[in-house]
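Visitor: Sequence:
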Amino acid sequence: MGGQQKVEEVVDNFITEIEFDPVIFEYFKDSDIGRFREKLIEHVCHLTGGPCEYTGDTMERVHGGMNITEADFNRGVDLFINAMDKANIPHPTQNKVLAILAKTRKQMLYI
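Numbering-wise, the sequence shown is residues 1 to 111 according to the working numbering.
Since the hints were made in silico from the structure, they are not lab data.
Even for Gly, the Cβ is constructed at its ideal location relative to N, Cα and C.
Among the hints, a few may not be true.
Using C-beta positions, here's what the derived DEER-type ranges look like [claimed, not checked]:
| no. | residue 1 | residue 2 | range |
| --- | --- | --- | --- |
| 1 | Ile33 | Asn67 | 17 to 23 Å |
| 2 | Asn95 | Ala71 | 31 to 37 Å |
| 3 | Arg35 | Pro90 | 18 to 24 Å |
Here are the simulated DSS-like pairs of lysine-lysine, each with C-alpha atoms no more than 30 Å apart in a straight line [as the list claims (entries may be wrong)]:
| no. | residue 1 | residue 2 |
| --- | --- | --- |
| 4 | Lys6 | Lys96 |
| 5 | Lys86 | Lys29 |
| 6 | Lys103 | Lys86 |
| 7 | Lys39 | Lys6 |
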């Protein structure tokens with residue numbers, strides 16, 4: 001994706017996107033945003049082949065009880081795309097990142 005600094009930029013942009021989206025913000029309003037940021041950076045870095053180790057909980061545990069709908073999941077993906085756009089991640093790289101992250105989709109929906 002462009003290294004640790006670029007991953008951090010995308011995650012920071014994503015958090016900003018979440019803050020301004022009233023639907024998606026509902027899922028995060030009681031979250032520890034500092035921890036969320038730290039673990040999402042680890043997770044994205046690890047999944048995209050970076051040197052990071054993800055030390056957070058499983059996706060099922062993190063998203064359990066949220067009952068995330070397909071529509072809201074897709075909206076979150078759109079916010080992540082916006083975050084990558086703002087970080088000037090090239091579209092071919094974005095597509096690769098989204099394909100990798102899509103593998104975790106089933107671990108987040110309706111649980």
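Visitor: Output the indices of the hints that this structure fails to meet, ascending.
Guide: Of the numbered hints given earlier, those the structure breaks are 2 and 3, listed in rising order.
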